[in-house]
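Colleague: Chains as they are written, first to last, in our numbering: chain E, 784 to 1295; chain V, 784 to 1295.
Hints listed in this document are in silico derivations from the structure and should not be mistaken for laboratory results. Heads up, some of the hints might be wrong.
Since the list gives no way to pick one copy over another, a pair counts as held whenever it fits inside one copy or between any two copies.
Stated by the list, open to error - Mimicking DSS-like on lysine-lysine, the simulated pairs with C-alpha atoms at most 30 Å apart in a straight line are: (1) K1047 x K1020; (2) K902 x K1020; (3) K933 x K944; (4) K944 x K890; (5) K1233 x K1289.
There are 2 protein chains.
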Amino acid sequence: MNWLRPLAAGAYRVPFWAQHRAPSCPLRAFAAHPENQVAEGVVKVQQPKAQLGTDEGKKNFILKTPKGTRDYSPKQTAIREKVFNTIISCFKRHGAEVIDTPVFELKETLMGKYGEDSKLIYDLKDQGGELLSLRYDLTVPFARYLAMNKITNIKRYHIAKVYRRDNPAMTRGRYREFYQCDFDIAGQFDPMIPDAECLKIVHEILSGLQIGDFLIKVNDRRILDGMFAVCGVPDSKFRTICSTVDKLDKATWEDVKNEMVGEKGLLPEAADRIGEYVQLHGGLGLIEQLLQDPKLSQNKLAREGLGDMKLLFEYLTLFGIADKISFDLSLARGLDYYTGVIYEAILLQPQNAHKEEPVGVGSVAGGGRYDGLVGMFDPKGRKVPCVGVSIGIERIFSIMEQKVEASEEKIRTTETQVLVAAAQKKLLEERLKLISELWDSGIKAEMLYKKNPKLLNQLQYCEDNGIPLVAIVGEQELKDEVVKLRVVATREEVDVRRENLIEEIKRRTCHP
Amino acid sequence: MNWLRPLAAGAYRVPFWAQHRAPSCPLRAFAAHPENQVAEGVVKVQQPKAQLGTDEGKKNFILKTPKGTRDYSPKQTAIREKVFNTIISCFKRHGAEVIDTPVFELKETLMGKYGEDSKLIYDLKDQGGELLSLRYDLTVPFARYLAMNKITNIKRYHIAKVYRRDNPAMTRGRYREFYQCDFDIAGQFDPMIPDAECLKIVHEILSGLQIGDFLIKVNDRRILDGMFAVCGVPDSKFRTICSTVDKLDKATWEDVKNEMVGEKGLLPEAADRIGEYVQLHGGLGLIEQLLQDPKLSQNKLAREGLGDMKLLFEYLTLFGIADKISFDLSLARGLDYYTGVIYEAILLQPQNAHKEEPVGVGSVAGGGRYDGLVGMFDPKGRKVPCVGVSIGIERIFSIMEQKVEASEEKIRTTETQVLVAAAQKKLLEERLKLISELWDSGIKAEMLYKKNPKLLNQLQYCEDNGIPLVAIVGEQELKDEVVKLRVVATREEVDVRRENLIEEIKRRTCHP
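Work out the full structure: start from the sequences and follow the hints.
Modeller: Shown next as structure tokens:
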């Protein structure tokens, strides 16, 4: 008589590492992660293969979830709930509304938005009618929503699953279905005020989750483009060189330079000039230095970007978070649609880190400004400036799960306050009457679905499930018009008059 | 400066009527509903067509969500949130855990579970790898989860979207993507205790939502099968005749009889015998009467079903809800997988009902016992008895939306407690410092993203968005080290010392 046998204990250790927001190159991210191999191994354990014998003929059937997806057990959803609550509280604290969009969009809506990542989009089968695809992120559906409803001002969050058909040969545990938690501000405003708020939100969430020290890297697409221009990159190669720069967090400069020169045909001198810039990171000092840089300061885009970056740092200082922000010229971000400031948060020293995991690999949030995306959907091309951030919670979940494992903290998967139990046989009717009263008073109550459960089994059920109280009905108690209230932790028992029981349970469980 | 321009007012009136749980016949449900035509008309308004001019060539592009789907605006998500909270509170009150499953399953997992409704399943395109389908309900994934993880005991809820490709010619506003809120109890228990709890849950939720009077019809597949047997229906036709009986809530007996005799080849005398039984509905009295019925009482299945129905009514009486329950021999439910008790809740007099809507058409919840489904997935066919209920919240949403419209109640779409405003120009830095303090103290605060917003615009923003308080910084206030706290509703203003501000805001907004 125990509800809680959802998965074998080992299954709780499944690390799900997929931090998917805006990968510039789907091919790079996973090869370097030793833990992905671990993850896949565990997924196999969690998805035992089995043969299903049907009545009509013995078909072979594998009992599993689709490749790259997983179920969430009650314990996993309980941990997930805590992470979501922290994130949602923060979004609400900043006055965000909520919208929701369908899980699939017209295929055309997604086309031309993701560059080479488009090949990762899941298409639906043509069963007659429209051609549909599963959403790849929440940003493009948001832009489509704004254009469709002619909204020019909104601050919203959206938490939902997105879908990416990662190249099967490369996935190695990368999830194909995963959550994104997006917060975006759309509207024409004075520079950098909403941008600074997005960074404040990342700071609040990562602090609130207590998953270790972090750093938020910022850069600006205009600074990157200005830098490419003054280094001698042809305009037509800005985006592809940008993609290569984005690999610097995983690859060495030598490898990156080789790609620029060898694969992408850049002159070695141009690459070397880029190499000097992308080593730079710092704060206001670096911004001032670059504003004086003889080459960069001649470029209009770079000047605009640096001016806004300076303003951003002033606002971040007022918010008291500038010490966690690093202006980093190597940050490029993958997606094509960014037009201004971009950012990415990394964990510096993840708690319970695997030994083989280097410091600072963990990207847990990212985003930026995309002023052109809504205009791509508007019939007249009207632009709605937007800036937003996406929290990459799959990685955060896995860290939280590991923390729970390491601390041996017991996670409750229900909120039940009291078990209605019987001291003797033949008391089912009394239990049903009592539990009904409790439910009707808003008390979270359970009972065992047995006519005559043993008292010991009922008490054991409370121990197993962390239920703090037991309301015991017995023959003597019925005569005395009382219920015996037992505190599971202390084994203290007290007779409570039936008419006072609800009040007494509420008093003893008033904490959330 | 107004965030709240999500949709034209008319868009909130979109009624979304799709109550989809377990339709026995997808072809029948919508023809009779006049409101479905209204719904489709409004969807068209909500989805204005527009041409998108792209940079590369002028492609024609329709700016819309896929057929049968819709976005949820902030106002709609706010109403949805209230409905979800009522439902989730109830599920938690009954000690349910939460699980989550992927939005798609292996195609094979869904095959052979839904009878003729299988044609409504959305398949994904074969892009190499596994053949996948979007989930059609939450019950089959739940059964797959139990079998895969060898779980024999669990009480869980799952709220998620499901997908049904309704025949386009028949849809008329029926949504193809919609939420289900499922609560299920799996495990081998004493008879009818969990079944009774499921009905208690339906009763609590429908009472809690305050959407008008309702009735819960119950029947049992064993009673139906026994009835078919004693009426002379061949075993092979039980399920198809059951489907026809299921149409009785929408069609006349004459039509139903014609289908039985004409299409399904039943003898007219057999149909007439069924016709006598299916008129019957009542409570304990009817059960007693049928237990004495000379024909039915000879049938083992019917006897078992009637015995359990009697027990169920005893438990429902102890729960104090028997007056809302009707044992109704015409209730058949569509899905093949039910094996015991089945039920369906209808609204008797929906609030703000369309005049043309007859009394009692609104099915808002349904479910039943399915003891064989998990065994279909288990390699050795091991059975896990299950009973569950699904709340059909699309219809409930639409009723709640209409209630809001009718009451002219203003629905807030944010929870912002205070706007940080400036009385004069050049106070952006002071506003940023103050709002940062408020956020860090957990206060829900907004500011306008302007360097120098006008005070009137800031106050108007509060009026428009229902923000109760304004914290005004001004030159004099800065000198005096105070903040002017304004109550929007009363226009009362009071100077609060800066160090007391947070406490004062919390005091004034302590209600949720």
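Colleague: Each hint should be assessed against the structure and marked as holding or not.
Modeller: Results of checking the hints against the structure:
no., hint, verdict
1, K1047 x K1020, "within (8 Å within a copy, 69 Å between copies)"
2, K902 x K1020, "within (21 Å within a copy, 48 Å between copies)"
3, K933 x K944, "both (25 Å within a copy, 26 Å between copies)"
4, K944 x K890, "both (17 Å within a copy, 20 Å between copies)"
5, K1233 x K1289, "within (26 Å within a copy, 48 Å between copies)"
The earlier numbered hints are all upheld by this structure, with none contradicted.
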